[in-house]
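Listed in order, the protein sequences are those of chains A and B.
The first sequence finishes on residue 1055 if you use our numbering, and the numbering steps up by one all the way, no holes.
The second sequence finishes on residue 1132 if you use our numbering, and the numbering steps up by one all the way, no holes.
A portion of the hints provided could be inaccurate.
Below, computed lysine-lysine pairings styled on DSBU-like, alpha-carbon distance capped at 35 Å [claimed, not checked]:
#1 A:Lys732 / A:Lys833
#2 B:Lys771 / B:Lys869
#3 A:Lys968 / B:Lys1107
#4 B:Lys1082 / B:Lys1033
#5 A:Lys732 / A:Lys968
#6 B:Lys869 / A:Lys968
#7 B:Lys868 / A:Lys968
#8 A:Lys974 / B:Lys1082
#9 B:Lys1082 / B:Lys1107
#10 B:Lys771 / B:Lys868
#11 B:Lys1033 / B:Lys868
#12 B:Lys771 / A:Lys968
#13 A:Lys760 / A:Lys995
#14 A:Lys833 / B:Lys869
#15 A:Lys669 / A:Lys995
#16 B:Lys1033 / B:Lys771
#17 A:Lys974 / A:Lys760
#18 A:Lys974 / B:Lys1033
#19 B:Lys868 / A:Lys974
#20 A:Lys843 / A:Lys828
#21 A:Lys732 / A:Lys664
#22 A:Lys974 / A:Lys732
#23 B:Lys1107 / A:Lys974
#24 A:Lys853 / A:Lys693
Bear in mind the hints are in silico, worked out from the structure with no lab data behind them.
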Amino acid sequence: MDFNDTQEEAEFRQEARQWLGKHAEPKSGAFETWQSRYPAREGWDGLERAKAFQARKADAGFAALHWPAEWGGRALPPIYQVIYAQEETKFLVPRGYFEIGLGMCMPTLFAYGTESQKRRYAPAALRGDEVWCQLFSEPGAGSDLAGLRTRAQRDGDDWVINGQKIWTSGAHWADWAILVARSDPKAAKHKGLTFFFHSMKSPGIETRRIKQISGASHFNEVYFTDVRIPDSQRLGAVGAGWGVAITTLMNERLTSGDLRGPDFEEIFGLARSTMLEDGPAIANAAVRDRLADLYVKTQGVRLTRFRTMTALSRGETPGPENSIGKLVNAPKAQEIASFAMDLLDMGGIVMDKDVAPLRAAFQESLLTSPGGRIAAGTDEILRNIIAERVLGLPQDVRVDRDLPFDQLPTGTR
Amino acid sequence: MNFDFSADQKSLREQARKFLGEQASSARVRRILEGAAPYDAELWRGMGEMGWLGTAIPEPYGGAGFGHLELCVLAEEMGRSLAPTPFSSTIYLAGEALLLAGSDAQKKRWLPRITQGAAIGCFAMAEGPQVATPGNLTARVEGGHLTGTKMPVLDGDVADFAVVLAADGGAGRAGLFLVDLNAPGVTRTTVATVDPTRSHARIVFERAAAEPLGATGQGWPLAERLLDRAAVLVAFEQLGGAQASLEMAREYALGRFAFGRQIASFQAIKHKLADMYVAVELARSNGYYGAWALSTDAPELPVAAAAARVAACEAYYQAAKENIQIHGGMGFTWEFDCHLHYRRAKLTGLMLGSARRWKDLLVARLEAGAA
Chain A
643 MDFNDTQEEA
653 EFRQEARQWL
663 GKHAEPKSGA
673 FETWQSRYPA
683 REGWDGLERA
693 KAFQARKADA
703 GFAALHWPAE
713 WGGRALPPIY
723 QVIYAQEETK
733 FLVPRGYFEI
743 GLGMCMPTLF
753 AYGTESQKRR
763 YAPAALRGDE
773 VWCQLFSEPG
783 AGSDLAGLRT
793 RAQRDGDDWV
803 INGQKIWTSG
813 AHWADWAILV
823 ARSDPKAAKH
833 KGLTFFFHSM
843 KSPGIETRRI
853 KQISGASHFN
863 EVYFTDVRIP
873 DSQRLGAVGA
883 GWGVAITTLM
893 NERLTSGDLR
903 GPDFEEIFGL
913 ARSTMLEDGP
923 AIANAAVRDR
933 LADLYVKTQG
943 VRLTRFRTMT
953 ALSRGETPGP
963 ENSIGKLVNA
973 PKAQEIASFA
983 MDLLDMGGIV
993 MDKDVAPLRA
1003 AFQESLLTSP
1013 GGRIAAGTDE
1023 ILRNIIAERV
1033 LGLPQDVRVD
1043 RDLPFDQLPT
1053 GTR
Chain B
762 MNFDFSADQK
772 SLREQARKFL
782 GEQASSARVR
792 RILEGAAPYD
802 AELWRGMGEM
812 GWLGTAIPEP
822 YGGAGFGHLE
832 LCVLAEEMGR
842 SLAPTPFSST
852 IYLAGEALLL
862 AGSDAQKKRW
872 LPRITQGAAI
882 GCFAMAEGPQ
892 VATPGNLTAR
902 VEGGHLTGTK
912 MPVLDGDVAD
922 FAVVLAADGG
932 AGRAGLFLVD
942 LNAPGVTRTT
952 VATVDPTRSH
962 ARIVFERAAA
972 EPLGATGQGW
982 PLAERLLDRA
992 AVLVAFEQLG
1002 GAQASLEMAR
1012 EYALGRFAFG
1022 RQIASFQAIK
1032 HKLADMYVAV
1042 ELARSNGYYG
1052 AWALSTDAPE
1062 LPVAAAAARV
1072 AACEAYYQAA
1082 KENIQIHGGM
1092 GFTWEFDCHL
1102 HYRRAKLTGL
1112 MLGSARRWKD
1122 LLVARLEAGA
1132 A
């Protein structure tokens, strides 16, 4: 056992480190993000700068390390992506603009698009010239994605789209989108779906920002009113959209961002610097007990990632056991936020950045962390995934599997 | 990054699993549970023949000189099979204490006998139902003679020698001592515990000959270092037991039907099993880090060992407890094996000190590291 890179990995890490040192800006604090540095005009200023950085990153060959060389990649094994990401987190780099396009949309296009489509879209996505978003979730289709209702109706060489999508990251600045819609409501739920890509500038698309608990707006609602998509922009066969969507989602866990909030290090620091009624918080037995639990979880996830890296480094495929990271970290973030505020007692509610410790990072996290337990697979869905794909337990009994979609019962929420 | 066991270590695991599958079957474990003997002597002999007893003992003392990673691999398999032998007390505690603090003569005297299976060792620290502290330790050495009572001592009724923590060298100070348990002044009786698959004793010492192991007055720091090393090894036994409990629960849930379907298809059961899996994997990762620190004598060992122990204690207890729950009524019958892991989980969770205490230690060590 050791924690060392192979020689090739070490050389690559050095190359990445040097390039980042030259082209990326250092962070001014652990929680600084691209958006917090460049907040002007709701992120548009940040977007322009992000595109410029992305173009340099693509030119240097770091933008899609595992892609084939003909599309601007280096055809490297996934371990190199992990190494690059490790180096990149030490710098202030754009997050949330290109991951979906490069990590989810392009792999889907590579699998189902024509040669000319790949040539047209992949280089522009790689350099950040065009930003993509993913239109999957709907108000009535979250964890149960295949329950989506946005309609796609054939009209000559076009499809006409009507309906509503939700939780779309970056829809307000995206140029292109991938979309899954219901082409046949008489077919069974998973069999009546068809997959497309389309311009976000198409007439009939309206994007509205969603304001979250924290006051920030990372997501959008997207409304479709008679939006026309040429049939040439269909990916996969008519009615085979579910299979295409699975291809997209299989890539999702590789792209999930690392939004960093207060973690063990921060709560440990707070416990050492905060006084309770009977002395320093760190000296209180109940506090120590919880700190130890949090440390063991934090280390457990970190070290599990090392095991994943080992598998990648050996050219093995890490299994869905990767999903334990988010299942542990998301509730832990919420627990740390709440626990930290408890230590501050009556004053814990104060969110004034000039008063609250760490410029109110714990209070911010109290309000952002619930989203972490829901986005990209709820805690409950992740437990199902572990149960079914890792432990091989049976799927839930489905009452909706073979019925025509338009005969399924619906609720009022 | 190479945070995994090697191919050779994995083939050792396969070999151990096969051997223990035959030699430490449920029927064999139950013989000990039901009092046929304090431990499985035939299995113990077999382990000696396989060379397991000398795994991490250097060659000059008759060992195989592999290392602690190999010992971790074996520990996990022994935990999985609940192997009823004095391995942990002899190897992780008495053997490690000799390696840690023994003089060359002491090592030469005892280690070859351990590797040959000719001597069983044990570690005597606890003195009844309370945590042992410098303030309450009553066993005492005066003029080379030990007087006092130790209880419970794992394998104390079958051991040939003991490493004893006893007061010595002034107020609040202690030493480690080697005591020949077959010598005069030693009275041993077996005590009932929650896990009869591992034998425990009350040992009364009345002016028994005691030979210092390590420097005078260094008993507590030495014991702490010893417990760190044992904590990693026991964590692997716990991991093996936790994994076995998880697998047992999974098998049962797949085979048991209720309300017209497999109970493994109910989310209440699936989520419970997923939580058990997560706990075991977090404990495994913490355990691997402990194994790395132990095998390389890294300065990270005190923190890594405490984290490994806390994670393993909690994962094993959770897995063993929920395994009974998933088995329903059958889970609390004598006939099903669920209780064997439930018992062992609690035993291993306390034998080196409770997780509660190790959490406190862990935070103390993190504070020391951050200071």
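Do the hints match the structure? See the list:
no.: 1; hint: A:Lys732 / A:Lys833; result: violated (45 Å)
no.: 2; hint: B:Lys771 / B:Lys869; result: holds (31 Å)
no.: 3; hint: A:Lys968 / B:Lys1107; result: holds (30 Å)
no.: 4; hint: B:Lys1082 / B:Lys1033; result: holds (11 Å)
no.: 5; hint: A:Lys732 / A:Lys968; result: holds (21 Å)
no.: 6; hint: B:Lys869 / A:Lys968; result: violated (51 Å)
no.: 7; hint: B:Lys868 / A:Lys968; result: violated (48 Å)
no.: 8; hint: A:Lys974 / B:Lys1082; result: holds (23 Å)
no.: 9; hint: B:Lys1082 / B:Lys1107; result: holds (10 Å)
no.: 10; hint: B:Lys771 / B:Lys868; result: holds (30 Å)
no.: 11; hint: B:Lys1033 / B:Lys868; result: violated (47 Å)
no.: 12; hint: B:Lys771 / A:Lys968; result: holds (29 Å)
no.: 13; hint: A:Lys760 / A:Lys995; result: violated (47 Å)
no.: 14; hint: A:Lys833 / B:Lys869; result: violated (74 Å)
no.: 15; hint: A:Lys669 / A:Lys995; result: holds (19 Å)
no.: 16; hint: B:Lys1033 / B:Lys771; result: holds (29 Å)
no.: 17; hint: A:Lys974 / A:Lys760; result: violated (41 Å)
no.: 18; hint: A:Lys974 / B:Lys1033; result: holds (18 Å)
no.: 19; hint: B:Lys868 / A:Lys974; result: violated (47 Å)
no.: 20; hint: A:Lys843 / A:Lys828; result: holds (31 Å)
no.: 21; hint: A:Lys732 / A:Lys664; result: holds (13 Å)
no.: 22; hint: A:Lys974 / A:Lys732; result: holds (23 Å)
no.: 23; hint: B:Lys1107 / A:Lys974; result: holds (26 Å)
no.: 24; hint: A:Lys853 / A:Lys693; result: holds (25 Å)
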